[in-house]
Structure formats: structure tokens, C-alpha cells
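J.: Chain order of the listed sequences is X and H. Reading the first sequence from the start, the letters are residues 1 to 611 in my numbering. Reading the second sequence from the start, the letters are residues 612 to 1097 in my numbering.
Please keep in mind that the hints were generated in silico from the structure rather than gathered at the bench. Each hint should be verified, as a subset may be incorrect.
To be verified - Quick look at which bits of chain H chain X covers, simulated, 3 or more residues with Cβ under 8 Å:
(1) 849–863
(2) 874–883
(3) 959–968
Stated by the list, open to error - Okay, derived cross-link-like pairs now, BS3-like style, lysine-lysine, Cα gap no bigger than 30 Å in a straight line:
(4) X:LYS39 / H:LYS982
(5) H:LYS1029 / X:LYS10
(6) X:LYS84 / H:LYS711
(7) H:LYS683 / X:LYS10
(8) X:LYS10 / H:LYS903
(9) H:LYS847 / X:LYS10
(10) X:LYS10 / H:LYS849
(11) H:LYS982 / X:LYS212
We put the CB at the ideal spot given by N, CA and C, even for glycine.
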Amino acid sequence: MINDTLYRRKYLIGGIAVVVVLVYIIRLFLLQIIDQSTKAKADNNAQLRQTIYPSRGLIYDRNGELLVANQPIYEVTMIVREMKQEPFDTLGLCKALNISRDSFDIRMQNMTNRKKNRGYSQFSPQIFMPNLNQEEIAQLQQEKYKYPGVDIRIRTLRDYTYPIASHILGNVGEVNHNDIERDNYYSIGDYSGRDGIERTYEKELRGTKGVKVFMRDSRGRIQGSYQQGQLDQDAQAGTDLHLSLDRKTQQLAEELMQNKIGSIVAIEPKTGEIIAMVSAPNWNPSQLVGKERSENYQQLLHDVHKPLMNRATQAQYSPGSTFKILQALAGLQEGVITPRTQYVCNGQGSKPIRCTHDHGSPVDLEEGIEQSCNPYFWSMYRDLLQQDGYSDGNAEFKQHYQTWREHIMSFGLGNKFDDTDISEQAKGAIPSVGLYDKIYGKKGWKAITIRSLSIGQGEILVTPLQLANQTAAIANKGYYITPHLNRNDSMKSRIHHTTIDEKHFDVVHRGMARVMSDGTGRFYNIPELQICGKTGTVQNPHGEDHALFIGFAPQDNPQIAIAVAVENAGFGSTWACPIATLIIEQYLSGEIKRNWLYERMINANLINNEE
Amino acid sequence: MRNNRSIISGIDWWTIVLFLAIALFGWLNIYGSSYSFDQTSIWDFSNRAGKQLVWLATAVVMGGIILMIEEKAYDVLGYIFYGVMILLLIITPVFARDIKGSLSWLTIGPISLQPAEFAKCFTAIAIAKYMSRYGYKVRDLRDLTVPFLLMGVPMLIIMVAQRETGSALVFISFLLAFYRQGMTGYVLSWGVASILLFILVIRFGEVTLPFGMGNLGILISTTLIHTIVLGLLIGKEKDLRSAIIMALGVVACYGIGLLVNIWIAVNFNYVAIASLAYVVIYLFLQAVKQRKSSMGWIVGFVMVSTLLCQGCDFAFHKILQPHQRIRIEVLLGMKDDPHGAGYNVNQSLIAIGSGQTTGKGFLQGTQTKLKFVPEQDTDFIFCTVGEEWGFIGSAGLLLLYLALILRVIYIAERQRDKFSMIYAYCVAGILLFHVTINIGMVLGLLPVIGIPLPFFSYGGSSLWGFTILLAIMLRLDAARVNKMQG
Chain X
1 MINDTLYRRK
11 YLIGGIAVVV
21 VLVYIIRLFL
31 LQIIDQSTKA
41 KADNNAQLRQ
51 TIYPSRGLIY
61 DRNGELLVAN
71 QPIYEVTMIV
81 REMKQEPFDT
91 LGLCKALNIS
101 RDSFDIRMQN
111 MTNRKKNRGY
121 SQFSPQIFMP
131 NLNQEEIAQL
141 QQEKYKYPGV
151 DIRIRTLRDY
161 TYPIASHILG
171 NVGEVNHNDI
181 ERDNYYSIGD
191 YSGRDGIERT
201 YEKELRGTKG
211 VKVFMRDSRG
221 RIQGSYQQGQ
231 LDQDAQAGTD
241 LHLSLDRKTQ
251 QLAEELMQNK
261 IGSIVAIEPK
271 TGEIIAMVSA
281 PNWNPSQLVG
291 KERSENYQQL
301 LHDVHKPLMN
311 RATQAQYSPG
321 STFKILQALA
331 GLQEGVITPR
341 TQYVCNGQGS
351 KPIRCTHDHG
361 SPVDLEEGIE
371 QSCNPYFWSM
381 YRDLLQQDGY
391 SDGNAEFKQH
401 YQTWREHIMS
411 FGLGNKFDDT
421 DISEQAKGAI
431 PSVGLYDKIY
441 GKKGWKAITI
451 RSLSIGQGEI
461 LVTPLQLANQ
471 TAAIANKGYY
481 ITPHLNRNDS
491 MKSRIHHTTI
501 DEKHFDVVHR
511 GMARVMSDGT
521 GRFYNIPELQ
531 ICGKTGTVQN
541 PHGEDHALFI
551 GFAPQDNPQI
561 AIAVAVENAG
571 FGSTWACPIA
581 TLIIEQYLSG
591 EIKRNWLYER
601 MINANLINNE
611 E
Chain H
612 MRNNRSIISG
622 IDWWTIVLFL
632 AIALFGWLNI
642 YGSSYSFDQT
652 SIWDFSNRAG
662 KQLVWLATAV
672 VMGGIILMIE
682 EKAYDVLGYI
692 FYGVMILLLI
702 ITPVFARDIK
712 GSLSWLTIGP
722 ISLQPAEFAK
732 CFTAIAIAKY
742 MSRYGYKVRD
752 LRDLTVPFLL
762 MGVPMLIIMV
772 AQRETGSALV
782 FISFLLAFYR
792 QGMTGYVLSW
802 GVASILLFIL
812 VIRFGEVTLP
822 FGMGNLGILI
832 STTLIHTIVL
842 GLLIGKEKDL
852 RSAIIMALGV
862 VACYGIGLLV
872 NIWIAVNFNY
882 VAIASLAYVV
892 IYLFLQAVKQ
902 RKSSMGWIVG
912 FVMVSTLLCQ
922 GCDFAFHKIL
932 QPHQRIRIEV
942 LLGMKDDPHG
952 AGYNVNQSLI
962 AIGSGQTTGK
972 GFLQGTQTKL
982 KFVPEQDTDF
992 IFCTVGEEWG
1002 FIGSAGLLLL
1012 YLALILRVIY
1022 IAERQRDKFS
1032 MIYAYCVAGI
1042 LLFHVTINIG
1052 MVLGLLPVIG
1062 IPLPFFSYGG
1072 SSLWGFTILL
1082 AIMLRLDAAR
1092 VNKMQG
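Throw the hints in and build the complete structure from the sequences for me.
T.: Take a look at the structure:
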């Protein structure tokens, strides 16, 4: 042995080696097994994920006519890291894109600012200029190779075949941060359906994004497909939609409503399918596509006539005289009247409600409907509510009111349709016992207090959609199918029965037919189409009365039920009725013979009647 | 003349097996990290993996030849080898082309060699020869003057003339051999203490204390020195009285400093120096009085440490080059720069971490394939191991190195003659230093110092250098068996 006293030192030297290796193994353990974040970082380094956008589902009308298609749009993207690799010809790019150097710098700042562009990364393609058309991109397309990191991406925008149905279709716009947080399908720059059918059927229409994963080296250069394309996924195009709309009818309805405020809803009673739905004023859906979108949208948003509101489903009116049909049915069902029951009418001198039409007295139900006789319906309503005596606010009175209310609501009034694909709706209102108790006190109201209800005025409110649906239920003699827009939808089968027996409807139908043959609608009747209808004029405290009309045809096999509301138009018989009959004529016979009426309607401007 | 058969029977096959295992695993990883996806043949000698295969084959042949050379040659020719090597180191920068600021490469025809990689081996021989002289014994540091010179000269040439800091620092590893031969353990402690002080001074140097009390770095390092001295006095010298007097003196220094500071602003750096000066003077007097040389060592420690602390700041800001300074600042967490100086280490950690338990599989590492990790087949090759072979592979490789180092220490200890033993310890030290620094750097635990992983990193010079280093040791060890027989 060389030196025994120093012999122990080998343990220290060996010990150092053991400790170092031990420390390093612990470090490896923490790094490789405990810390899970590095795997994602490595993938993020090596993978360039290029999204492949699916084409959005097309939208057709009920006859297979194409309403909404797609058009290509281009956007310029940049991978900033790649642009830094070699001298970059910024001025050349500005020239190719036809923008100034200042505009380039501003766009660059906005793109690279994480506050404005939260998903910014210098390693992934970022949108530099969106919404360019074929012409604007042509120059860059030719010389793209000169600008490393710059790419052109194709997206699709909506392309509308006809300038119609803006409220129904809705539109497609860029997603916001809320959308991205709610649904991780979206990322910045994606589009999604806004409003209308585009929103309701967003999941079906959007399809599934595909992805192509490229391998990228440390200098940002693409090194081919990642793992031979194992992670790649094809995009799946969205599902096409077949709407129940009839393009021709819809287009006619929109023409008739031009320069007017109001709405039209037409339903096929047997199926609940919406044939046409118009809210006026409206806009050309192409206005909300592409570059002009935001400017046009702001304009619509600030328009005094509130075009963005879908009046067909969101405007609420008192139903006026159109309500008398439901009143009659409630009376028949409760046995208060029979088709032969007569009431006295004192014309202008009637109390408490005067009659607005000249006719004989007494009148039975059919004539009461034909002449829209206010005293008839007041008397009937009073009898209905006071079957068990006159005393104020007694239990029986309120019970009868409640029963009446249930009959009315069974036609789909006073509530939103919850089993439909129409997104924006107003509830309407059929006043409850509780509401009147609150207004007048528990014992403070009786039949005469709420007499306005008998003729569809007062606290009662309906939407045009509800009006049309209620008309479909009348046409169907006691049931309706929730109105909807998608023809392939299983919602078709949702049937709702009213509380009125089928036998009570015939007399009402006859009354409505007489409205058209001899009553308020007689000037616009087309006898061979067997139209049944009822006009209504709704008192409007803010200006001219609103004109309403409900109707269906043909009487013995109803194909179409319709409701028309024209705001500030005066009598329902002057405006709403002719518009409705033109639409019925178009839908049932495929053409319009009464050109004079058509001309008069489309040329009428009722929008400036407002004070 | 002994026959070669007895040499073969005397060879330490464990070492050979470990060497081959590491070298072949290394080659696989070089193949992996220089592999690109459009590559077709493994046997393409124009690429790095192909070249390395040639280096490996020639290294094995060279090792075989060395095993057949009479071991006396090293003892006899040791100084001549050393002298030739020093000359070679000096002329290298003259002829060398500048490669990334380093002047360490000699190009002869198609081959480029780094003489510094061979310098370790010949310095080890020279040191072993000197320290195995008849009658030589390490009693105190004066006896180590010549070994220190033998170690320091090539170190200085490589650092200053060739600008290869990493390769120069490797020579520090000879201290382990000196230590085994009797150098006082204080030197190693000092080494550790100076690194610690350096880190403290730099790390906290930018933190300013309230009341004009200077910076936190100086305060902490001064306090640390005082604490170590107190510990040594109480623990080692068992001199409680001196310890108390010393402590009171230090407290008094600071007390006076604080008191004066109320009226006149005091530079607390001077207070720290004063307190240390007091300790030096007091302990020196005690050492003389008690005639205790060990107390002299403590005085030396305080003086060197004080100089170090004061010099650190200067060295850090004035001597170190900017890129080296940033590496240290990033490592100490003073600067965060994942795209600049920290980029290599950051990417290296991502590569290793993403390998997880079992790795991504051979040739499947994206970090290394797509060149996110720079120097991935040389200094940062351990990343490829981490990424493609996972925890199992990388911990396994560490254990292989540990086994090899412990085996070399075992071999050193079984030597009958001092020359062989000292040489073997030099080998153990060099291997330990390389593995520690290289993997510590890749794991982000040590600053980035570019030295290769033995037998593993791409590069002919380093592979040849290490193979020669190991082969000579094996030959010396095999001869030991023969001596026993003879």
C-alpha cells in the first residue's frame, strides 16, 4: 500500500461522482416524469398546424332552389418568425397588396400586439389582411415566392342567390372571445352563424374543420408532413339545409312589404312549415358579407325603423278584430252560444262598445263574424264570464275567466314556441287573473272592466307568428304543429291540440268565408280559391292604426294560413287583406292575375305616415 | 519482453465493455441527431454519423496499438511528450482558423484536430511521472508547485491563446489526483467555497440594502466567511475563546459602522473589509502565539475569500466576456431570455422533458431532428438521449458513466506503483469533470461551458483523446498483473 492514511480519500472522490449522478438523475426525474408541460412545448415547436376550413352547408328552399351558397375569399397570413430569416422586401409586398407603408406598419403592429390579437405567435400564421377578393390578391399570388412566411389562405363567405329572407337566414360573422370561450371548436378569425337559421343550425352548417400538420424546423421552415400525415384530418363539409320557405312566395311577400313597416307569416297548416316570413323593413343579406359587413351592420343597427328586429316573431300587437274568431270558438266550446244564438246590435249607439259597421239586428254568429260586430262579441264574452252571476270578483267569475284564458292559450298565444328552430321570439300576452287582481284589486274587476278583451284590444298581445299559427289551428279545426323552418326537422311531428272540439270550427269557417265574400274583405276576394279571412284594425296610441289580417285557403282543404300586420296603415281591410290575398293567390295558383292590385301594393309607401 | 497474451489476460474487460457500451450508444445518438428525414443510407460517410463511425473504428485500432506498447514508454518519455504537446498548443493558434471565436483547430488535409483534447492525456502522464519520483511526497502545498505548473501551463495556453475556456477548465480536475496524493482538503473546500461566494456576490450584488448599507451580495458573503471561520474555530480547533473574541470584534466593527453612519454616510463595503481584516490580524496573532499551522490555513482562507469577494464583481464585469456573463446571469435566474442566451438551455430542457419516461423512440425526436437544440450532436448530445430514450435511457447513461468512473477509481486503487495510480486518478478526475459539466449544462444546472461528453459527443479529437487516455490506463493496469506474476 502506498499511503494508508490517505486511503480513505477514495471514498470522498467516489462519493462526489455518486452524488453528482444522483442529483442529475433526480433532475431528470423531475424534468421527464413529473413535469408534463415540456411535451406540449416540444410539439408546439415542431408542429405547424394548418387548419383546413370546411365549406359551410348550403341552404335550399322547399322546392330545392338554392338560396345560400359559398364564395371564396382570400386572406393574407404571415409567419413573423420566417419573415425575419432573411432581408424582407416590405415595400414590394406593400405594392403587391396595394397598401401604403404606413398602413403596413399599422397592420403589423395590430397583428403582433397580443392585446389586440390574443392568439399571436411569431411561429404560426397570423392574419395580416382579411377579406380580399380574387382581383386584390392576384398580384401577390404571382410573386408570393418572394416573401417567405407570407401565405394566402382561402376562406369561404356566404353568397346569396336572392336578396331575400335576411331575417330568417341570419348571417355569418367572425367569432368573438365569448364564442371562443364557450366552444373550443372556434379559434380567432373563424366564422359562425349570427342570428336566424345560420345560428340555430350552426353546428350542422359549419361542418368539421380539418387539420394538416406540418413539421417545422427551428428556423420555421416546413420539413414536410408530420409523422407521414398520421395526425392530418380532412375537413368535413357542413350539412345542407332544406328550408320550408317557398322562394317565390317569400320574394313576393317581401316586395309587397317594401316601404312599409310590418310583417307577414305564412304557414302550411298540415305540417307547421313556414312558407314565408317577412319582417319589414329588411335588407339584402349580401350587405352583411365581407368587407362592408361591419359598416352596413352599424347602419342597420342605428336605423330608426329598427330593421334588425324580426317583427314577424318579436313585434307584439293587440290582435283587434282578428281575435273575434277565437272568442267565437271559446263561446261555442263553453256552450254560451250556439251557431244560432243572436245578439242585438244598436250600431253606433251600442253600449258599452259601439259597432263600427252598418248591418241589421239582431245578428247570429256567422253574421257577427262577417260584420265584425263588436256588440255581438261583447255580449257573448260577458255571458261567458258571468255564467254564474254578476257579483264582482267572485270565485266562479274568475274560474270562467281562467277557463277562457286556457282556451285562448291552447292556440299557442301568450308563450314562446319552445319546440321550434326560430330563435328570436316575443312571448305576447294573454293577461292572467293575477295581473287584473294586481291592477284593480282582488274584487275590483268584472266582465265590464275587461270588455276590451272581447274585441281583441286591451292588455292582450300577440306576435304575427302566433297569429299565423293560431290561424293554422283554426284551418286544421283544432290542432297546430309548431311552426318551423327546417323541412327535414323531426320537429314536424310536434302536434298541439287546442281545447276546442272539431265540430265547432265549421260555423267559424263559414263566417270567415263570408268575410271575404260579403264582409270587410269582399273587394279582394278570389272566389275559386275559397279564402277564409278576418281583418282587424288595431288602435295605436302612437299614430295611425295598425292593419291586420288573418286567413287561410282553400276552405275545405287548407294549404296556407297567413297573418299580415302593417303598422300605421289604417284599416286592415285596405292594406293587410289585399296583401294576404295576393300571397295566397301566388302560392296556390303559382301566379298573380290581379296585376293592378300588385302594382298598387308594391308602390304604396306607408313608412312616412309616421309622425 | 512479455507476450501479448498475458497483456490480454490482464486487461480490465469491465472497462472495455463500459467504454464500448457508451461509445456505441453515443454513435446511435449521433446518427439520430444528424439524421434528417430525406436521408437514405446509414453508411454514407460524408455525414456526421458516417464520419463518427470512422473515428470510432480508428479509435479502437489506436487503443489496440496502445495496449501493445510497452508501458515503460510513458514513464520514460513522459516529459518529452509533455514538451512536444506544449509546443503544439502554442503553435496551434498561429495556424488555426477562427471557428466561432476559438483558435483551437489544426487542419491537416481532410482532418481537423483539436490538440487541446490530447493535452489532458499527456499532462496526466507528466504529472504522474513527476509525482511518482522516488522520495516524492506531498507534505504541504510547496511540494505541489511543479504539478500545479504542469497543470497550469497548458491550461493557460488553451484559455488565453486558444480562447477555449471549457477545455482549459478541465485541467482543474487534476486537483482530485493531487488530493488523493495528500494535498490538503482545504484546497477543495476553498474551491467549493469560492464558487459559492462567487455566486452569492454576483446573484445578490444588484440588491441594494436600506440605510445605505451597501449591497446584499457583500453582506451575505462576508457573513458566510465569518460563519465558516467560527465553525472552523469551534468545530476543528476547539478554541471557543478565540471564537467568542472574534465574533465580538466583528459585531463591534458593524456596530461602529452603523453608529457613524448616522452622521456620515459610510460605505459598508469598507466595514465588511474592516471586519475581515480584524479577523485576519487576530487569528494570525493567535496562530503565532499558539504555534498552530492549522490556524494559519484559516487566516489564508479568510484572505483569499476576501480577495475573491472583492475581485468577483471586478472579474464578473471586467474579465468575463459578455456572452459568458449573460450565461451566468441566466443560470442564476437574474435574467430571463428564452430566445437569446437562454435559448439553447431552454430548448435542451424541452427536448429532454418531452422524452418523458420511455422517450419518443429512436429517430423520433422532433426537438433534435428539427434542430431546435443547437450543437445537438456535440455538446448538447445528451438532449437526444433524453428525448428519444426518455428517463430510462438518460438515467441509464448516467449510471454507465458512474460505473465507468467508479471502475477507474477501483483500478487506480489496485495499482502497485504510484505512476499508474496517479495516472488512473487523473483519468477518473477528467471523466468526472467532463460528465458533470456537460450534463449539468444540458440539464440547466450549470452555466453553458462547451466541453464534450466523453466517448459520446461527435468529434474525432475528443473520441481519440479519451480513447488514448483510457487505453494507456488499461495498459498500465494490465502490466500490474504481469508485475505480480513476474
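J.: All hints are to be evaluated individually against the structure, with a verdict given for each.
T.: Right, here's what the structure says about each hint:
1. 849–863: violated (count 0)
2. 874–883: Since three or more residues must qualify, the claim that chain X covers the segment 874–883 of chain H is violated, with 0 doing so at under 8 Å.
3. 959–968: holds (count 9)
4. X:LYS39 / H:LYS982: holds (16 Å)
5. H:LYS1029 / X:LYS10: holds (15 Å)
6. X:LYS84 / H:LYS711: holds (23 Å)
7. H:LYS683 / X:LYS10: holds (26 Å)
8. X:LYS10 / H:LYS903: Within the cut-off at roughly 28 Å; holds.
9. H:LYS847 / X:LYS10: Judged against 30 Å, a Cα distance of about 22 Å means the pair holds.
10. X:LYS10 / H:LYS849: The given pair, whose Cα atoms are some 27 Å apart, holds under the 30 Å limit.
11. H:LYS982 / X:LYS212: Cα-Cα ~21 Å, so holds.
In summary, the numbered hints that this structure violates are 1, 2.
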